[in-house]
Amino acid sequence: MSKITFPRMGESYRTIKMLLEDLGNEVVVPPRPSKRTLDLGIRYAPEFACLPLKILMGTYLETIEMGADTIVTTGGVGPCRAGEYGMLHHKILNDLGHKIKMIVIEPPRLHPFNFIKSIRALNKSRVSIKGIIAHVKRAWRKLQALDNLEKLSHTVRPRELSRGSTTRAYRKTLDWIDQAYTTEQIVEAEFAALEALKSIPQDPARMVLKVGIVGEIYVLLEPASNLEIEETLGNLGVEVERSMFLTGWTRDNTWNETTEGITVKEAAAPYLPELIGGHGRDSIGNTVLYAKRGFDGIIQLAPFTCIPEIVARTILTKVSKDYNIPVLTFFLDEQTGKAGMTTRLEAFIDLLRRKKQFRRGVESLTC
Amino acid sequence: MSVKVGIPNALLYYLYYPLWQVFFNEIGVQVVTSGKTTKEILNNGVREALADACVPIKLFFGHVMELKGRVDYLFIPRVVCINRKTVYCPKFLGLPDMIRHSITGLPPIIDVRMDTRQGQFAMLKAYLEIGDIFKAGKLSVYQAYNKACRTLSRYNKLLRKGWNPHEAISLLHKKGPLPKPPDTDLKFAVVGYPYNIYDNFISVNFLDKLRRLGVSVITAENISPLSLARQKNCGLPKRLFWTFSDRALKAAHLLFKRGRVDGMLHLTAFGCGPDSLLNKFIELEAKKHRDIPFMTLMIDEHTGEAGMSTRLEAFVDMVRRRKEALACPK
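Line by line, the protein sequences are chains A and B.
Oh and the first sequence: position 175 is 180 in my numbering, straight run, nothing missing.
Oh and the second sequence: position 177 is 171 in my numbering, straight run, nothing missing.
Next up, chain A with everything else stripped away, as it sits in the complex (with noise of 0.2 Å):
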């Protein structure tokens, strides 16, 4: 029997696998990228690729060894580069010898009948239509519950009084989520652990501040791709607001678009009326909404060479400047390095503190 595998990107693997198996195919669930991962990654993929593609070959590469003969991966139609990416990778796994059969899914809006194919080879156990309706519908409230999880996680822990107490609970309740199969089971699931990351003992009085970070789908949703940066400026006292989860992702991109994705669109219309692939337009649109919404500061992530970004960082300088609101981007890729970031964090953080004290009239600028 065949062993099917697919990209990991952040939490959602949990859905992932349980949906794939409910179609009844064995799966091979990808390890956490790491700096092996990594290695293999960047020795097989081109020097220029973006560093998803980097992460997304080492992670082939290490499944292929745990027994993977095929991968299930999402598709595209561009102008961004991830839509090639499925058949890149096939490519150059073939060229290294390795026979694996590759699922592509296209957007059904734009290819219905290569998406029904794609459904139809991984249907292993002939689930009925029906049947696999329910499936994704299941799968899909547990990918909620995944998100709601993440997004408390972020208000909690700037507030938390012992630092970690929000990252060890939420590492736990995850795993209750991971457990639950039936959908009763899932809402039951996410109702205690949403419980039990309230019930952390917080600091009410706390100075928080508030920083929206906006960027490139695979570095904002992976934790390893992006040092973890959620945490540290959680540890560091920021509430942190991110525009990106694959619930809403996957809603403006497969069925129709949301309030949410047109707000965006018309937000970042002014600056830049088109669509260039990515996520360079919604990074503008949500960096102006953040603005309105009067958030301290913004953190823009894309990896190195990313086409759409570097097109989004060059308009937002004029965003920022009339909008008066800071923006500190990072291109990152396989030379990041978690204390070289850290550090420019602290020096973002500490401006953007200082303003923030400066507006209330708490302490003047010069001392």
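Source of the hints: derived by calculation from the structure; they are not laboratory data.
Check the hints yourself; a few may be wrong.
[Claimed, not checked] Result set (BS3-like, lysine-lysine): computed pairs, CA atoms no more than 25 Å apart in a straight line:
| id | chain 1 | residue 1 | chain 2 | residue 2 |
| --- | --- | --- | --- | --- |
| 1 | A | K122 | B | K232 |
| 2 | A | K96 | B | K281 |
| 3 | A | K215 | A | K360 |
| 4 | A | K156 | A | K177 |
| 5 | B | K62 | A | K326 |
| 6 | B | K181 | B | K274 |
| 7 | B | K274 | A | K40 |
| 8 | B | K282 | A | K96 |
| 9 | A | K122 | B | K226 |
On a predicted model such as this, the values are computed, not experimentally measured, just so you know.
Go by the hints and put chain B onto chain A.
Just chain B now, kept in the frame of chain A:
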């Protein structure tokens, strides 16, 4: 005094300048170009553009700076799709916005959107829109567009004959039959983007160097679009999304298969997004064609003349010796 429109000598200049020049002249607008790339233009571009952008984009910024203050309008069209199939690199799509939001004190930018996926007459509509800005009548715009298209097709014919864009532009307005370029003993295929290959400054006189070494060059621009289209998707499940990359990959496949070249060079810019894929695909294809040597050359704003010369000379020597050895009877 007539209105002046500035066209930067970068990116799409090498493919569409003849069309734009004739069009603007016909509707009574003077065209000003930023001239050849110089050290100063490059330095200006590097200063103005984001550090992570690729060299061609930095050069474009430099060329725009060069035109600043000398023209009444800047022509930076948002070229999205011209062949109904592939789009341009995201940096082209956001180009007018990048320029507008990072350089201050610029004249108004003409950023009409050109996307042939929107309908048959999308291009004509785009040019009518440009005509509106200069208050030209619909009929005169139509005539200007027609004449411009004829010029472009003559220009393309010159390119197919084997001339490079600079030579073709200078030969464009000569009357009589189209002349033929001279022959040489070695012929290389050079794949890459026209704005890298033909910009003599940033490619450190790459083409001249090859010519001096007795090598003639064939690029994707010299091949008819029909033979390129026959390559389909080059054995991939999807075509490359970007017009220039798609064309370069097809040209590479065609030239590898046809085998009438002695070597293949891929000229790429540091940090070029689409090229990271394109280069790997060409490299994997080159492995199947062991008889045609393949080399990748990377350029950036620090590329030195000597380093490039050494690599080219070594490559040409190797190809020449190999050819001589193979030609000798055993």
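Outcome of the hint check:
1. A:K122 / B:K232: This hinted pair holds, its Cα atoms lying about 16 Å apart.
2. A:K96 / B:K281: holds (13 Å)
3. A:K215 / A:K360: holds (13 Å)
4. A:K156 / A:K177: OK: K156 of chain A and K177 of chain A at ~16 Å, within 25 Å.
5. B:K62 / A:K326: holds (22 Å)
6. B:K181 / B:K274: holds (23 Å)
7. B:K274 / A:K40: Judged against 25 Å, a Cα distance of about 24 Å means the pair holds.
8. B:K282 / A:K96: holds (13 Å)
9. A:K122 / B:K226: OK: K122 of chain A and K226 of chain B at ~22 Å, within 25 Å.
Consistency note: the structure conflicts with none of the earlier hints.
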